[in-house]
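Required output: the full structure, derived from the provided sequences and hints.
Listed in order, the protein sequences are those of chains D and E. Mapping to our numbering: the first sequence position 38 is 42, numbers consecutive. Mapping to our numbering: the second sequence position 74 is 223, numbers consecutive.
Derived by calculation from the structure, the hints in this document are not laboratory data. Please note: incorrect hints may appear among the correct ones.
[As the list claims (entries may be wrong)] Once the Cα atoms are required to be at most 20 Å apart in a straight line, the calculated EDC-like pairs of lysine to aspartate or glutamate come out as:
(1) K33(D) <-> E268(E)
(2) K33(D) <-> E188(E)
(3) K35(D) <-> E188(E)
(4) K189(D) <-> E214(D)
(5) K8(D) <-> E188(E)
(6) K198(D) <-> E74(D)
(7) K198(D) <-> E170(D)
(8) K122(D) <-> E180(D)
(9) K189(D) <-> E188(E)
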Amino acid sequence: MNHKTLFITGLVGLLLVFIAGTLFYTAQKEKQAVQAAEANRASLVRMHSPKLGKASAPVVIVEFFDPACETCRRFYPLVKQMMAQHPGKIRLVLRYTPFHGGSDQIVAMLEASRKQHKFWPALTALLTSQADWVQHHTANPSLAWKHLEGLGLDLDQLRVDMAAPEISQVIAQDIEDAQTLNVTKTPEFFVNGKPLPSFGYEQLKTLVDEALKATQY
Amino acid sequence: MNTTKTYVPIRENTKAWTLIFSAWLVASASTLGALFFGEVMHLPTCVLCWYQRIFMFPLVLILPIGLFPFDRNVLRYAMPLAGIGFLIAVFHMLLIAGLIPENIKPCAQGVPCSETVIEWFGFVTIPLLSVLAFLGILLLLITAYFRSSK
Numbered sequence: 005m006n007h008k009t010l011f012i013t014g015l016v017g018l019l020l021v022f023i024a025g026t027l028f029y030t031a032q033k034e035k036q037a038v039q040a041a042e043a044n045r046a047s048l049v050r051m052h053s054p055k056l057g058k059a060s061a062p063v064v065i066v067e068f069f070d071p072a073c074e075t076c077r078r079f080y081p082l083v084k085q086m087m088a089q090h091p092g093k094i095r096l097v098l099r100y101t102p103f104h105g106g107s108d109q110i111v112a113m114l115e116a117s118r119k120q121h122k123f124w125p126a127l128t129a130l131l132t133s134q135a136d137w138v139q140h141h142t143a144n145p146s147l148a149w150k151h152l153e154g155l156g157l158d159l160d161q162l163r164v165d166m167a168a169p170e171i172s173q174v175i176a177q178d179i180e181d182a183q184t185l186n187v188t189k190t191p192e193f194f195v196n197g198k199p200l201p202s203f204g205y206e207q208l209k210t211l212v213d214e215a216l217k218a219t220q221y
Numbered sequence: 150m151n152t153t154k155t156y157v158p159i160r161e162n163t164k165a166w167t168l169i170f171s172a173w174l175v176a177s178a179s180t181l182g183a184l185f186f187g188e189v190m191h192l193p194t195c196v197l198c199w200y201q202r203i204f205m206f207p208l209v210l211i212l213p214i215g216l217f218p219f220d221r222n223v224l225r226y227a228m229p230l231a232g233i234g235f236l237i238a239v240f241h242m243l244l245i246a247g248l249i250p251e252n253i254k255p256c257a258q259g260v261p262c263s264e265t266v267i268e269w270f271g272f273v274t275i276p277l278l279s280v281l282a283f284l285g286i287l288l289l290l291i292t293a294y295f296r297s298s299k
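Here it is in structure tokens:
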């Protein structure tokens, strides 16, 4: 074998091993994630979680999210759009995974807004203004307050409610469930209990479309 | 057409070529392995691992440049990389073994280098693989250096 052929054989061989290894490993991981989600159904949806959409909707998207996470901000309107395209068919359940520093305080704000029935407007307001109150990947709650003005919230009451122990319990439970389900990055989506095969909008859309199709019959 | 003595004897160069090619195989396998750990398995990469990558990855490009056409000067460029990479890998392994005290540990943030993320068969760790790879490359290159004619 001449030198060039030898070199090219070596190169192609190594790359093939790498690609085969990658495919095998990701397939293996995917299988494990599906099994983990199936085995831990109870951890997926809790009574306390904020929900949007009809309770009878055939497709349930569970989203583990962090209000300070930029990708979560970018996905939020996309998910809303999907729900608008299929009215009454999709239900969104939000779970908190405040991985960013200070983000748990933002979650507490959202939960306190929920007591005043303003959760979704508050969430939209905070996500739209995210760049204002997240600095160097750390949430700064003191900068977030002003974005809650004008929503008709009683902010004094909100401050009192934020300290309520049930809110920290909700956050602790969500984080525990995230660990059980192996959620280490946000946002993480589960569509009717199935995790995304790999992260991305297209993957989410495919999974939702499949779920919608499966319910048509 | 007369073959004069100034020509490098073909046989010896073939030997050196094969040695450098083998070193390239080891470097490429190590590079792909490191990428597999980092990008496919998403294992955290500590500071010392990054330094070892800095000395391993360039070999994948430099060595073939010296193979086509054969240029023994490539050994002079590649050996310092392999040598320094080897020293860092040894340092890393001593750190994991606990032979180097905590306070020299250069990583303050992120993943501590003294943490063991993989242990196969009870003794194979990533730093051990790195030491073996660098040692293998270094030995192959040194042999090639003495086997090839100047």
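Taking the hints in turn, this is what the structure says about them:
no., hint, result
1, K33(D) <-> E268(E), "holds (19 Å)"
2, K33(D) <-> E188(E), "holds (14 Å)"
3, K35(D) <-> E188(E), "holds (19 Å)"
4, K189(D) <-> E214(D), "violated (24 Å)"
5, K8(D) <-> E188(E), "violated (30 Å)"
6, K198(D) <-> E74(D), "violated (23 Å)"
7, K198(D) <-> E170(D), "violated (29 Å)"
8, K122(D) <-> E180(D), "violated (26 Å)"
9, K189(D) <-> E188(E), "holds (15 Å)"
Hints 4, 5, 6, 7, 8, counting from the list given before, are not met by this structure.
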